[in-house]
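Residues per chain are reported as follows:
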Amino acid sequence: MKPVVKQVTLAIMSLAFAGTASAATLTLYSAAPASLAKALARAFSKKTGDHVAVWTSSTGKVMARLAAEADHPHADVVMVADWTAGLELAKDKMVYDYQPESIDKNLFPAMQLKGPFLPYGADTVSIVMNTKALPKGASMPSSWFDLTAPVWKNHLTAPNPLLSGTASDFVIAFVDKYGNKAWQYFSDLKANGTVWPGTNHAALMPVLSGERSGMVECVGHAAVQAKVQGNSIRLIYPKEGTMLIPRPIMIMQSAPDKKLAEQFVNFTMSPAGQKLVAKYNLYPSLNGVAAKPALAKLGTYPVMQVNWDQVAATRASVLAKFRKDILGQ
Amino acid sequence: MMGRSLNRLLVFGILGLLVLAPLATIVFEALQPDASHHHGMALLQLGVDQHFIHALLGTAGMAALAVVFALPIGLILALLMFYAPPKFSLLWEGLILIPFLIPPYLTAEAWTLLVGPVGLIEQLIHGLGTPLENFLYSLAGMAAVMALHLTPLVYIILRAALQNGDFRLIQAARVHGAGLWRAFRVGVLPLVLPALAAAGLLVFLDTSAEFGVPALLSGYAGVTVLSTSIEAATNVWPVNLPRASAIGLVLCTLGIVAWFFYRPLANENRGQIHQLRYPSRWWSMLPLAAFVLIAMLLPIGAVLAVSFEKALTVGLKFSNFTWHHYHHILSHQSTAFGALETSLELAALVAFGTMVAALLTANIVRRGGRFAAFLDLLATLPMAIPGVVLAVGMILFWNAPWNHLPVFGTTAILGVAYATTTFPFAMRYARAGLAQIPPLLDNASRVHGSGPLRTFLKVHIPIAWPMLIGGATVVFALSMRELVASLMLQPAGVQVISTYIYANFRQGVIGDGMAMSVIGVLSSALILGVARGLLLRR
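Protein sequences, first through last, are from chains A and B. Counting from 1, one number per residue, gives the positions in the first sequence under my numbering. Counting from 1001, one number per residue, gives the positions in the second sequence under my numbering.
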């Protein structure tokens, strides 16, 4: 009987200590890739000795949690996958202004964006095909709008924009550019048997297994990771343009220790932090840090021009319409 | 008498916090206007919401199909094991029960790995992968996964009913010239009908409350169900808590109705077990083996195989073998090891705390009275409350603007959630333990001058000890596998086994998740075995 009593006592004690220790830590909420957030936290802890508690999920769930905890905020630093989500939080006065000129001026010109926060990297949204699982008679698409052709019936997946940050920015910007044609496009995809099973990984899995042939609006880092692992995956950059989406890192207004939070942001934007960003298959934003060779070089494919400040205003209404009309929730 | 009123106060406080508070906040929230409306009540607004109706039909359909699958299979297994037992029937019984010990979300994950054009089944027999996949990703497929998990439960209930029944009836029918089917209809069916109804209700209740299986499969099946709609309305921006609460209330009502009908049917095993044993038959092994293969060997085999694979699509080749996933999980600094530690500590703590609370409650309930009946109802109610609804209630209550207790956002919230979901099980064991105490012993202790506390510690606990340990192990095992509340409530920097497996699966890091499943199941089995061995050796 003794050992178990001891074990329980130990458990109680360790829990109690875990509670007191958390007072001196930085809390980070992050969207995918979860491994990047954890790697940044580890490297930062190693360098400074401060502990970083990480909670990772998809952008839609990070945003929901921030809203739910508005009265008792826990997060100090937030990293999400889409720029308009950051602007939305800034609009709600939840973001502490931190975009020091000393960091901003060293970013790639395309990453020097206005806002009360910095872009820690960027990612693409493009089309992905499993070259071994194409339907009979299909040729590689070259346009977003090719995917509504009958040959792709029941062969495609897409990430749920309510969960995936990059997919939400894609939908918002696409609707901004094409208006009703965009909504027609999404309902044509749905009528053609496209499924929206969840996050990027949930949508990519049936493509990797060959159950489905391709994925619309796939986030770059997941596709590149699958490709590097040896899957027969090809990224297709449509002629209308691929979406290049900057990813914000934000300090929350409610963070009790702004200095510690600033240190973490500085670390993420430093060459050491940016190398980790590159390691996990994102485009780094700091000039001079190279992206992985597996990623196509920026400038070698067409990119859709988006005015993020302008489209951010439509975020809530576009997503609500998508949830209702396309996902039927 | 101080002791008794303190006991009452404690019990009421505990049950109030664990059960009443989250339920009350859900009801209150469901009566607020839906976030997309300005006035009205979310609960009434559901009535004209066709997406809600779809999800309701999805849940009802999935639960009904699970009943349709699980009842006949469970009945066949029970009849075979009773009337035509195979050799080594105890071993077979153990094998039949194991699928119930595998968490359903893990069975679902295993089956997604088994089926498909490059799945394990296709790799082994070069066929069946695609049709099986089409079945798995459908309403019937989700129901089948739940049925595989719940059939052992049906089996236990029916087997007990057969054993308690009068076996001479079927013999009398046969003697009087009835054919096998007619003898079954007049001699067996009436005996097991109440048990069939009870088992059916339990399967319906468990399946309609399930979150993990539809969360993994329904996106591909193009179906929505209530549990995942509730999670989406709570956890996905823009949040709509009144809607989540309203749907939660509907799902809860569904559960409570099923449970209300179930309770009178679930009579305790009256222990009139007949010693009669039918002669064993070799052929009964075949259907039993088929069930064991589909419900246990294939899923467990898939989990094991993938936990040793480098790349999923390369398949079962020696060059594809690796220890890496296990190495990763057991390396001291990995988040996986942290998740393992957190789960073990939490489960141990909850097992201890919940058993103590349940013992205090049972101590009042056994004295009878209207207050006691109310407490008993409150303590067993979480059986009927789906985990996802409970989690919403916990968020509403513990994260409310006026609630400044440091529970939400800390590991403690997971302990609170586990304590609530496992309370009915703890309660059942605590009551059974206290029921074994002869009133004479009570009186003897009091006559010799012991106070109620001393009587409780020196007389009640030693007698009830084996039951208390039994209850604690059940609470421990259930806490180790809890998924939905853990997903919705886990704070930053904290993961438990189930959320680690689920998150890794969702992010395509499947090998690590499967290795964690193996380690999680083995370590909890080991700890349970050791704990029982040490605590019950007297």
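Treat the hints loosely; a few may be bogus.
What the hints assert, rightly or not - Heads up, simulated DMTMM-like pairs for lysine to aspartate or glutamate below, C-alpha to C-alpha not over 20 Å straight-line:
no., chain 1, residue 1, chain 2, residue 2
1, A, K324, B, D1049
2, A, K259, A, E240
3, A, K321, B, E1341
4, A, K38, B, E1341
None of these hints come from the bench; they were simulated from the model.
Do the hints match the structure? See the list:
Only pairs whose Cα atoms come within 20 Å are accepted, and A:K324 paired with B:D1049 is accepted, the gap being roughly 11 Å. With a C-alpha separation of about 43 Å, the suggested pairing of A:K259 with A:E240 is violated against the 20 Å cut-off. Of the pairs offered as hints, the one joining A:K321 and B:E1341 is violated, with about 43 Å between alpha carbons and a cut-off of 20 Å exceeded. With a C-alpha separation of about 18 Å, the suggested pairing of A:K38 with B:E1341 holds against the 20 Å cut-off.
Hint compliance for this structure: hints 2, 3 are not met, and every other hint is.
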